[in-house]
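Trainee: Single-letter residue listing:
Number of protein chains: 2
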Amino acid sequence: MNKLRNLLLGWSGRHGVLLFCCLVWSAARAEEIQSPNKQLTLSVVLQEGGVPTYSLTYKGKPVLKPGKLGLELKNTTSLTSGFSVANTQRRTFDESWQPVWGEVKTIRNHYNELALTLTQAQTNRTMLVRFRLFDDGLGFRYEFPRQKDLDYFTVKEEKTQFALTGDHKAFWLPGDYDTQEYSTVTSNLSEVRGRMKAAVTPNASQKTFSDTGVQTPLMLKRNQDGLYLNIHEAALMDYSTMHLELDDKNFVLESHLTPDAVGDKGNLQTPCQSPWRTVIVSDKAADILTSKLVLNLNEPTKFKDVSWIKPVKYVGVWWEMITGKSTWSYTNMDNIKLDSVDYKTVKPNGTHAANTAHVKEYIDFAAKHGFDAVLVEGWNTGWEDWFGKHKDYVFDFVTPYPDFNVPELQQYAAGKNVKIIMHHETSGSVRNYERHLDSAFQFMNKYGYNAVKTGYVGDIVPLGHRHYDQWMVNHYNFVLEKAAQHKIMVNGHEAVRPTGLSRTYPNLIGNEAARGTEYESFGGNNADHTTILPFTRLIGGPMDYTPGIFQTRISAYNPQNNSFVHSTLVRQLALYVTMYSPLQMAADLPETYNKYLDAFQFIKDVAVDWDDTKVLEAEPGDYITYARKAKGKSSWFVGSTCDEQGRTSKINLSFLEPGKKYVATIYADAKDAHYEKNPMAYQIRKLNVTSKSKLTQYCAPGGGYAISLVEAGR
Amino acid sequence: MNKLRNLLLGWSGRHGVLLFCCLVWSAARAEEIQSPNKQLTLSVVLQEGGVPTYSLTYKGKPVLKPGKLGLELKNTTSLTSGFSVANTQRRTFDESWQPVWGEVKTIRNHYNELALTLTQAQTNRTMLVRFRLFDDGLGFRYEFPRQKDLDYFTVKEEKTQFALTGDHKAFWLPGDYDTQEYSTVTSNLSEVRGRMKAAVTPNASQKTFSDTGVQTPLMLKRNQDGLYLNIHEAALMDYSTMHLELDDKNFVLESHLTPDAVGDKGNLQTPCQSPWRTVIVSDKAADILTSKLVLNLNEPTKFKDVSWIKPVKYVGVWWEMITGKSTWSYTNMDNIKLDSVDYKTVKPNGTHAANTAHVKEYIDFAAKHGFDAVLVEGWNTGWEDWFGKHKDYVFDFVTPYPDFNVPELQQYAAGKNVKIIMHHETSGSVRNYERHLDSAFQFMNKYGYNAVKTGYVGDIVPLGHRHYDQWMVNHYNFVLEKAAQHKIMVNGHEAVRPTGLSRTYPNLIGNEAARGTEYESFGGNNADHTTILPFTRLIGGPMDYTPGIFQTRISAYNPQNNSFVHSTLVRQLALYVTMYSPLQMAADLPETYNKYLDAFQFIKDVAVDWDDTKVLEAEPGDYITYARKAKGKSSWFVGSTCDEQGRTSKINLSFLEPGKKYVATIYADAKDAHYEKNPMAYQIRKLNVTSKSKLTQYCAPGGGYAISLVEAGR
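Protein chains in written order, with the UniProt record's numbering: chain A, 1 to 714; chain B, 1 to 714.
Chain A on its own, in the form it takes in the complex:
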């Protein structure tokens, strides 16, 4: 009885509250649910002092040890202890839904739910923790009902723990309030601290917070038994982005939110809730890739008409600037004031890519090869001093350079059934973008643009804000909603990492939010980069990775640039299958594609929307092989990517419809291909195959292969 008494005094004694024993006993009782297939078991226990904890097992083995739940609040009692369970609700949910675009035609949303209503007697407050246990993992969130004694509150820190069972292998990025554009480090968690410094490579805007802080999605593999774990969040809206702070003695990860300008980590008003915290679990790596848990935890879209949202395959006036072959800016002036420059009177630099004649060439190429659209960057005034100046009025988003004729190009593109993709670089000057948003979208509607690539390069202006704080999260969603009002699709670069929001906002057709192909021109990505991204960044949603670079030596475009693409040409093809996105760019220059039209055929053929997806092989950091069935068609496409070791892939084609004959066109690395030494050596061969066929295929170091499978006679 002494222990009970101490327990009581521990969290209520100071306030002289005498509690009913039944509440205390309920606190000690474990609440459990199982996943529909019974492989996962969740257990929730109020520990001493009324501290809520949860733990998770998979096939009877512990996955997460008891981890604490709660939030530390500012200037008031925290929501971390002193809780009793006031109510427990269980339910089962099973429903299928069809995404507007996606990897599969139909998604099953099947879970068992446990909702605990926790009351904090000391403060007369109520907090609900809602758990959803799927076959592929766990989602849970905090809910704060409307209540008298909790109306407005400020989060000092969220205190959600993910208590691992030991020192796992991790695929991690440095935790950072402003960027995810780091190379993934593969190491044990115990090595994070030692490798952090080297992992933090320079970026246009960055703010790390700890030697053991890492980002989500965090991919983990348990050393002893090969169990795979993935930790992320779903439905990040009007809340601060979560990072993970590692306790590298106990291997407990704890939530670390992004602070605002005064260090607060969220201003909330009841009724409200946190995003979902997600843990995907399987002993098969492939299951992590096919999990739809994050999407399922997002709300269905409220858009009544989604007919204007369409997957897009595009080329663009982009890579030539990224390589340094040409420029975004029309002149070489520095330090300009947007409204006081008369561009018609200043000397052009002669390197401006986004000029009418040149854009027409891209439009011609797009039309000839069946692309939907041409992205044009550098079309608008202001690029002379857009970067790194913390400049407020940096762009107006409606004024073209004098050599870019908007109506003429609109007419030209429309005549060829090609769309031009708008580009809104904000340079992080967010108020300026919001001030111009209406007029910018009206301009797009007027001139026939239906998609925009947004950019947030550099520090957020005004300073003090971070790319991932609540204020900015709110901004990105504001842009999505405004865009939807104008029937505009959005591809957000340097914005917050996706959390499955495209279910709710299907006009969010792309995001960057990781180290994309552009870094191949800035020193290069690791050869295993694309064998990891599907397990990390892509768990939240599609990435505008911009693959398709055939000329892997950047010096071919810019003699001053010694970078090279850390991939064989053939693997660039495979990425259209392995890096799922409804928005896919053929990023290289038309002049280059014209030299390799046989390989280019795969990019022309490959679908960007799918009825079905199979993971044929997968191991994070080593290799991934996908097969996907084109939307509404019988064709399949296979892509395989491997790391710098190279390998031989063995797959069988049982995913094909039994009894049907297919022509397989196999785009393969040449025997002597190598991502660095001989990247552009490839072979193309055709085979007749059926669902009974098996394939053994060599992948060069940093290579892979791509296959189109077209029903014979089609």
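FYI, nobody ran anything at the bench for these hints, they're computed from the structure.
Honestly, I wouldn't trust all of these hints.
Because identical chains cannot be distinguished in the list, a pair is counted as satisfied if it fits within a single copy or across any two copies.
As the list claims (entries may be wrong) - Taking lysine-lysine pairs in the DSSO-like style, the calculated list, with each CA pair at most 27 Å apart, reads:
| # | residue 1 | residue 2 |
| --- | --- | --- |
| 1 | Lys59 | Lys677 |
| 2 | Lys156 | Lys650 |
| 3 | Lys671 | Lys604 |
| 4 | Lys631 | Lys694 |
| 5 | Lys302 | Lys344 |
| 6 | Lys337 | Lys604 |
| 7 | Lys156 | Lys207 |
| 8 | Lys344 | Lys368 |
| 9 | Lys61 | Lys249 |
| 10 | Lys694 | Lys249 |
Using the hints provided, position chain B relative to the given structure of chain A.
Mentor: Chain B alone, transformed into the frame defined by chain A:
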């Protein structure tokens, strides 16, 4: 020669720069100019180390001792020393201009100018200091031409000194980044430190910065000879608001700018300039009041059409909420989410003032008595939890409460030739206001509103910003420009103090930016308050002081409120003359005015725009008597206000046109009137007068008088 060598080494030696001696010698030479009437002399000297300084004399006596000039920059060499004079330019300017509205019909802008181009050899930078010496004082500013070695820079602090000649009497407010709503303290500068704590009274948003920090406009009176000095700034645009930090040993005031969320004090891009720093000087207090120096230092308006800008006399649904008699909100809910409340289904509180029927009563009253407009606060949804919550989406500015019929009231008011004044309280949530600005102004255009009262009560959201930082200064001007595009006049409350910007933006017809009449219901203003404001706050521009409170006991409206107006009823009339504004409210309730229609006649009669203005008597903190001639008419109006001592005013009416006869209607305190004990006792008498008449008039403690002078037979 040793001294010269040391001087050279002091600021350039480390960089091994060898300077031409001629530059050094030029640094020691004083540059001088005189005011057009030769009473003021400015002297500019580069002191040792190339530190620019300036000093000022008036009628041969020092006014400002040598004070340093310059700016401290962030992460680079400061612009405070190491200067040489590269060029000196002088010119004389003399021009008259007519304000869109004002105290006089024509304003003379007459000054001698000295512009020093200073070069900083160490950095290869150029800064220009431009001085304009008027008969009534000095203005100067920093200019930063476009140059290679100074493009973007961040101000750490502006280091402008105002080196007083001793311990002056000061009329000061605590320096604060967020509010000017303090009672003025009258004390010697040496007493500021000791009286600061008591001076900092609570406010909805406040951030003081020092025990000796004070605000501008700062009114000073030299103890030994009664010289008057006023320090302020003019043309504050895209720069941080200036406060003054007092060195109370040496009586040097130094500029202290308002920091942003990360502590920076301004992000500038060349070409650019600081606002003007202004020093008005005279041995007559009246000259301070009639100075047009601050207006003259602002740029002429760029508006081509100003026909839509008109002075406004108005009543409003306002004082009844300020007193607590009724409410802004329609219900008594707390904690609402704007888009999820269905106001049609919730219970009204029955105290909501802005309902259609009641607003019609105000419209009737306005129409009957010749007012131009009716302000209506509390018309829109969101007032239930608008305040103090740091709430982001607090108002949408377009959705009326269900009992406020916008089209019906539009029609009703239009039928009576009365305008309704829009109210946009932002609750400091600035991004939210900007997001809704276009739709809010479109709404106003649609429903016939041509003026808006804006409000910024509480901390700026997102936190970290300050009401007076550069970001907010930029915001207020953005609103002015957007409003002008919609032909909307703006009356900004809780915004930054005005700096004569109404010359450039004549649609800025009012500002609060000081402790207004509302404080009479929140505990009261000092009885001498209105004898000081014209010397301080009004130096920057008109104030929406909202006078005209006849029922001085607030308890008459709300038994719980023990506050009282620290003024006699008659002085409330005088304020329409002494507190210049093109926007004047009759703030009390129609039911009260109906009881005192004889006194109310003055408010009906008094003009709000003027052809001429005379200060008949003035001493800051004691009394002010103004005479003003109505725009385009022969009538004059006189107002006199005095402090808690009471006094007898002796004026002559020589300002009247000689040879003409006028009927003077004199609204005077009764003999036993007293602002606290007997405030509502008044007498009205009529006299026939001419320009040769003299008047002796008793003013009760906290009282005054008001006179209308109408040409006989008119």
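Trainee: Now, for every hint given, state plainly whether the structure supports it.
Mentor: Evaluation of the provided hints:
Taking the closest pair of Cα atoms, Lys59 and Lys677 never come within 27 Å of each other, the shortest separation being 46 Å inside a single copy and 86 Å across copies. Proximity of Lys156 to Lys650 under the C-alpha cut-off of 27 Å is found in neither arrangement, the shortest distances being 51 Å within a copy and 64 Å between copies. For the identical chains of this complex, Lys671 and Lys604 are intra-copy neighbours only, at 25 Å inside a copy versus 97 Å across copies, given an alpha-carbon limit of 27 Å. Taking the shortest Cα distances, Lys631 and Lys694 sit within 27 Å of each other inside one copy (24 Å), while across copies they are farther apart (96 Å).
In the homo-oligomer, the alpha carbons of Lys302 and Lys344 lie at most 27 Å apart only across protomers (24 Å), although the nearest pairing inside one protomer, at 46 Å, exceeds that limit. In this homomeric assembly, Lys337 and Lys604 never come within 27 Å of each other (Cα to Cα): the closest approach is 42 Å inside a single copy and 49 Å across copies. For the identical chains of this complex, Lys156 and Lys207 are neighbours both inside a copy (18 Å) and across copies (22 Å), given an alpha-carbon limit of 27 Å. Neither within a single protomer nor between protomers do Lys344 and Lys368 lie at most 27 Å apart by alpha-carbon distance, with minima of 33 Å and 58 Å respectively.
With identical chains, the CA atoms of Lys61 and Lys249 are at most 27 Å apart within one copy only, with a shortest distance of 21 Å there and 75 Å across copies. In this homomeric assembly, Lys694 and Lys249 never come within 27 Å of each other (Cα to Cα): the closest approach is 47 Å inside a single copy and 92 Å across copies.
Hint compliance for this structure: hints 1, 2, 6, 8 and 10 are broken, all remaining hints hold.
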